[in-house]
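Which chain is which? The protein sequence lines are H and F, in order.
Following the working numbering, the numbering of the first sequence begins with 357 at its first residue and continues without gaps.
Following the working numbering, the numbering of the second sequence begins with 83 at its first residue and continues without gaps.
Bear in mind the hints are in silico, worked out from the structure with no lab data behind them.
One or more hints might be untrue.
As the list claims (entries may be wrong) - SDA-like, lysine to any residue: derived pairs with alpha carbons at most 25 Å apart:
id	chain 1	residue 1	chain 2	residue 2
1	H	K474	F	S480
2	H	K474	F	D99
3	H	K401	F	P490
4	H	K474	F	L105
5	F	K128	H	T416
6	H	K553	F	E174
7	H	K401	F	D822
8	F	K230	F	S209
9	F	K826	H	P397
10	H	K494	F	S209
11	H	K474	F	G269
12	H	K400	H	S418
13	F	K826	F	E178
14	F	K826	H	G487
15	H	K648	F	P490
16	F	K826	H	L387
17	F	K826	H	K474
18	H	K446	H	G487
19	H	K648	F	S480
20	H	K474	H	L414
21	H	K648	F	S426
Unchecked claim - For the chain F half of the interface with chain H, some residues (derived, Cβ under 10 Å), not all of them:
id	residue
22	R130
23	D133
24	A237
25	G238
26	A241
27	G502
28	E504
29	I603
30	T820
Where a beta carbon is used, it is the ideal one built from N, C-alpha and C, also for glycine.
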Amino acid sequence: MATVVWKFVSTISATPAVTFDMNRQNASVVLNFGETFDISPPAKKRSFTTNSMTDGGLLTSSAYENRVLEFTVSLQGSLTEKAALHRELKKQLSQDRNLIMYTPKAGVINPVFFRTMKSDDYSFTHKTEGGPWHVACKVIAEPFAIGIRVDQALGASVTNNPTSGANPARLDFTGIIGDVPSPPLVKITSPVTGGLKNNPVYIGQRTGRTFFDNWKQAELGTLYTDTSTWTAGSNATGGTPNMIVTTFATATAMGGRLRVQFVPTGGDRDALRGRYRVLMRVGTGTTGSTFKARWATPGGNNWIRGRVAQFTLNLDTVQQKHIDLGMLAHPPYQAPAEIGYSGLAPGIEDMWITIDVERVNGGNFNMDYVYLMPADERLCVVSAATTDAGDGVGAIVLDGPNDMTYGGESTLNLFDTAVANRSLYAAYGLVPRIGGLPILVPGVTNRWYILQESAAVTSTLNFDVHYWPRWLEVATP
Amino acid sequence: MIDTGIPLGVRMYDLKDGVDIHLTRWVDDFSFRHTAPGGCASATIKFRVPDGSNVDPQMFGSLYYRIQIFDKRSAEVLWEGRVEDPATQVAEDAWELGVLGGQVATTDVNMPVLYIDNTVAQWRTISDYEEIETGSDDKNNVLTAKVKSGYSWSAGQDAEIAEYNGAYACLSGIARIASTHKGTYLGGQGGNFQITLYQTGSFPTLLDTTTLNTGGVYKANVVGTDFTSGQISQDIILTIQRRTGTGTYQLPASEEGLAWVQWPKVIGMRHDEIGNSLVAASNYANDWVNVHQVVRDVVGRFLAGGWWTGTLNHWNSIAFSAKSYWAYPEQGSIRGTDAFIDSSDVHKITNLWWDQAVNAKDILNTLMEVQTNAYWAVWPSDHRFEQTVFDDILIRESQFRFVWARWPVSWNYLVSAEDGMEQQISGEGMYNAAAMSYDDDNSYTTGTLYANPRVTVFGSTVPWEVEEVGSRFTRLKHFTYPGGVIPAGFSGVEAEDYVRESMAAVQNPVNVGTITVRRPIQMRDDGSSDGNGFAGMVDPWELRPGKIVKIRDIFPHNNIGDMYWDSGITRTLNVNNGFESGTTGWGSAGGTFIQASDQKFAGSFAGKITPTGAAADTYIATAWALMTAFETYKAGAWVRCAVARSITIRIDFYNISGGFISNVSTTTSVAANTWTYIEVVAKAPLNAWQGPSLIVMSGTPAASNVMWVDEYYYQQIEIAPRGHENSMFRVAATEYNTADNSCKLELDELPRWDLSTQVVKGSGSGNLRTR
């Protein structure tokens, strides 16, 4: 058995069906290492800012190009045998898409799979009738080789509560492998029938950082006009009291009701740096109450105030609701990634956020907590939206490799051998999405921040997370 | 952190058709453009559908599908528009989509509209009887009815004299009508005749009667007070009527009567920003409309669905289940619920109507002629899947966000020379321009046009119509004497200077080139001007127009040699400078301080203080003002004393804790009963934070030392233009290109100084000039 595996296969698998083995499927086919064998990493396209006032240039963006795999296959045997082998090789090269499986040491180093594109412009050389035919190929492939699928999480239950549960409004992943980040395939299901219907789900991401408590209980903050602590009988995080209530008894106009302070966990003052969507979990005592709200934070000699969100709430003892108050950056002024060439990140001050609320009409305004959804790596919002009177989709799929979202039954089994079990919804399957799907970064802790917009604090969602690691050419054994 | 190239995504969606496709991997590099005014402007997206992708690319060619360009890191939508021009390119096997940004929504609906009509152009005069001769005076805006001799009037008999047709012509309801009614002659029978005003059509209602009189009676009839929303109509009829119970009267030979209806002002019914009709009297309190009132209506009527039933909107009366119906189209392309509408402008629009179809864009552009520091923009819908329990989540998501914003007054973006500015600043483009009508007697007949390329020119009298919008539009800043926006006591030249100050905010900046940004830059925006604050580092694709960019390494004073300054630039710190509003804003000690009219330097009043005779010092003082260390302050006033004595004017400096630091004063000997100008100028010391100005009589003045003070101004002087303003520009448009990760900022030049902060005194020689 050849130690170097180089063959066209049908699937990404440890034991795929082989469509054409280019290295010693028999004595007639040999990968010719006497000629070029080049599977070097792809080139990058880069954008620099340069000028005559500073040396060099600043890299402002970069992305990988497609790559070209160069190799030569030598075919031997009778003319008939060589012609047949040549036909099979051409057939594989001319496929719109194909897979080349590669490992430098079978059984020792895990294989990777290059996703190739139609590349039948090879060089064909034969010198004698009885001698070998040499087919020098230049095969265009996607930038990264794909590894065998990793099932990172199966049925991980995420509670819609940042303070409790095995996975409190988040999922952590470690041990991600690969040379570059990989787009995962995620299936989200709800244990409750109809639990995904018209209930947008926020999924933010932060990787390789010191994490901090990115929510603050409203009842522990500094309270302002017409606002006091309050204890909700259920469906609120925290102890007693567990919420705040703004009565608007003296002022309905837009004004500060609450101030919270975010501090870095464990003293890592770099942890707070970043961008966030400011969410707050709110409710009301009167159906149809309409409010306006915004965040405000000190900036320089003045306040920086975010966009005003207007929303109408219903009295609902079960569902409080997350309201998105838009983007906030911290620190608000430029701070270097490192101080000089010291390699030391600067400390970032605590973050102070005031929530201004105005009552347009209706009753009291209740708040459970303020939540900072990280928004500087990946953040998406998906919603199994439907006007159907039924329960909507039972499973949401975030298909990172295809950059798609879609839906199906809650029993959807994405990798089942029976296609019927992989059926996607047609009529109600639309799963609108805005933002970037999460991406798994190797070698560091990946944290996904997950909130349901309208659900109880006891509500859970189940996550299946799979990914195919991305390698430049050689997988880690 | 993740390094995966430029983190942008391209999404095509139309939830009604079940389309939600992320094209990110299929598109070529592209660019998208924003403008101010406007917001999202245009983009061209070229993409290729890969073989075997199992989709029919034809579905992407549908008109009006939405294209969103968003940031994958934050789900923030950067640009959004509608597919307007889909085309296939066979040679390249590609699709090229011309996409119009959200601003195109402002041209969707075209229809006439009436906000306010203060002309008689749309009044049709009627003569029920040949003995009545009706007419209208277009110059003076007066409707007349001449009642000839010989006609016999029975009690209660009336005759129509005029009918208003403007509301019909403009498809609007009438919410307020105001006019002045007069009449005379009729052989002393004027008291037995009256002018009546009816709303007719479906809701005939007598709104008003006014007995003929020679002095003129101003009448205003408003929805919610004088008639109900159920009585709203488009018809107004004026009649002359012999009052009931007064018997029959035949005008004898050689006797005539004349009735006037002067300066009629008809205000149309408006909407709020979500499309509901405004039917409360409080919405129509004046004979003018403000910019923000019109903007609200434009959003509600033209953009958010208020056009659905013309004057009465049904959107909010529809059960939310019905709103969920896919095909219900009338919710409009723009949502009003979170529209940001700046309401700071106080200009009074007295004439604004279109009897030909007009769209939101044209109206908003017209309003920018009034509120010259404002712009409109249509920004992306963002990722709103749901914000209210009543909204249909799928409909709401597709509505754009609207702003009527002010240009910021300080920088929002910091850039430097390394960002490559294509053109240096030039003072050649310095240009102030303003056109405004001028009203001092409520006649609305003439105005003064100020047009100022470099040097302010006064005095040309023009018709009050402003040329660029013909007879349908008047912008008017009311100047009334006294009171109004001109401080009491200002008149003549000083009033004119005040006008100039107001006008100074009217700038027509010129485009001066571009800056191309290819890196993250600092942004700071407190949100006060457009309701969307943010501070932090922003990437090139996040830059937007409607902001101020500062080039930090352009030497601050590089243009000062081109200019000179021949009058103080000041910012007034105190109020009620002429004591026309009582003693508001003033304090005193050591005497009795009152507003007095027995002596005054200007206006109708002065401040007067009579010493107790016992106090060591007798003084009046301004309120404490916030101060800045090392800045220069000036206090000046006209004073008069019943006796000859010395009077001191001074400025006191205190620190942030209220601790006294020092003061600077000037003492002047004034003659008895003589108005004398006194002044002190001082530089604030280190740690100065606050303090007042005082005028003091010291040395235990006797009660006879009565002192009057007038035109007391306490001001901060900005000695020279702030240098950094020389490197600040408005961003009029941005165009981001993924190919080289660059954003080109198209710049407008800012005025060198914030001219609106100037007070140019009548005795001064002028304003900012160039040489």
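Practice prompt. Measure nothing beyond the straight line between the CA atoms of F/K128 and H/T416; if it is 25 Å or shorter, mark the hint as holding.
Written response: Since the Cα atoms of F/K128 and H/T416 sit roughly 24 Å apart, the hinted pair holds (cutoff 25 Å).
*Can the restraint linking H/K648 and F/S426 be considered satisfied, given a maximum Cα separation of 25 Å?*
Holds. H/K648 to F/S426 sits at ~20 Å (cutoff 25 Å).
- prompt: Straight-line Cα separation of H/K648 and F/P490 no greater than 25 Å?
  reply: Since the Cα atoms of H/K648 and F/P490 sit roughly 23 Å apart, the hinted pair holds (cutoff 25 Å).
- Query: Minimum Cβ distance from F/R130 to chain H below 10 Å?
  - Reply: violated, 13 Å
Worksheet item: Quick one, are H/K474 and F/S480 close enough, alpha carbons at most 25 Å?
Response: violated, 39 Å
(request) Return the status of the interface hint for F/T820: holds when the least beta-carbon distance to chain H is below 10 Å, violated otherwise. (result) Holds, because the Cβ-Cβ distance from F/T820 to chain H comes to roughly 9 Å (cut-off 10 Å).
Original post:
If you draw a straight line from the CA of H/K474 to the CA of F/G269, is it 25 Å or shorter?
Top reply: violated, 105 Å
- Message: Hint F/G238 vs chain H: min CB-CB distance below 10 Å?
- Response: violated, 48 Å
(Q) Next pair to validate is F/K826 with F/E178; report whether the Cα-Cα distance is within 25 Å. (A) At roughly 23 Å apart (the allowed maximum being 25 Å), F/E178 and F/K826 satisfy the hint.
Problem set entry | Hint check: 10 Å Cβ-Cβ cutoff, F/D133 to chain H | holds, 4 Å
- prompt: Against chain H, is F/A237 within 10 Å by beta-carbon distance?
  reply: Since chain H brings no Cβ nearer than about 51 Å to F/A237, farther than 10 Å, the hint is violated.
**Asked** Is F/K826 close enough to H/G487, meaning Cα to Cα at most 25 Å?
**Response** Not OK: F/K826 and H/G487 at ~61 Å, beyond 25 Å, violated.
Taken one by one, the earlier hints fail for this structure at numbers 1, 2, 3, 6, 9, 10, 11, 14, 16, 17, 20, 22, 24, 25, 26 and 28, listed in ascending order.
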